[in-house]
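For the sequence shown, the positions run 347 to 456 when my numbering is used.
Hints in this document: simulated from the structure, not taken from any laboratory.
Treat the hints loosely; a few may be bogus.
To be verified - Between beta-carbon pairs, the in silico distance windows are:
#	residue 1	residue 2	range
1	P426	S454	20 to 30 Å
2	N398	F366	18 to 28 Å
3	V434	N365	37 to 47 Å
4	T388	V453	16 to 26 Å
5	V425	H379	42 to 52 Å
From the three backbone atoms N, C-alpha and C, an ideal C-beta is built for every residue, glycine too.
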Amino acid sequence: MYCQGLGFIILGRFENHENFDGIILGHPDHPWHLEFTHHHGTTVGRAPTQDNLLAFYISDHSEWLHQISLMETAGFITVPSYNPYWDVNGKTFEDIDGYRVVLQNTVSPV
Numbered sequence: 347m348y349c350q351g352l353g354f355i356i357l358g359r360f361e362n363h364e365n366f367d368g369i370i371l372g373h374p375d376h377p378w379h380l381e382f383t384h385h386h387g388t389t390v391g392r393a394p395t396q397d398n399l400l401a402f403y404i405s406d407h408s409e410w411l412h413q414i415s416l417m418e419t420a421g422f423i424t425v426p427s428y429n430p431y432w433d434v435n436g437k438t439f440e441d442i443d444g445y446r447v448v449l450q451n452t453v454s455p456v
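Take these sequences, add in the hints, and give me the full structure.
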């Protein structure tokens with residue numbers, strides 16, 4: 347879902363590391379990664395709040411629209427943001443576990 351929607355690639359994965367499986371995703375142009383893990387025997391719950399999110403700033407409008415299309419095709423659900431700030435120049439999506447991603451059509455303030 348995150349690979350198709352955000353252009354991430356699989357950087358690594360592991361299985362049964364002290365009862366944890368995981369996948370490490372990243373972007374080929376950025377020096378960071380996200381790690382998604384699952385603990386054997388644990389039921390995965392939903393995100394604890396509607397304000398658990400990742401925010402990505404995309405200043406080019408046509409690139410932003412293209413990214414929205416990729417997110418929708420990947421199966422992310424468009425939702426109103428818990429924080430109305432994100433709805434002014436952005437679009438908020440929710441994954442199957444309730445975690446959210448914002449695509450903001452502005453330049454990052456930092």
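These are the hints, each one checked on the structure:
1. P426 / S454: 20 to 30 Å: Hint holds: Cβ distance 22 Å, inside 20 to 30 Å.
2. N398 / F366: 18 to 28 Å: Given about 20 Å between the Cβ atoms, the range holds.
3. V434 / N365: 37 to 47 Å: About 43 Å separates the Cβ atoms of V434 and N365, which means 37 to 47 Å holds.
4. T388 / V453: 16 to 26 Å: violated, 40 Å
5. V425 / H379: 42 to 52 Å: violated, 25 Å
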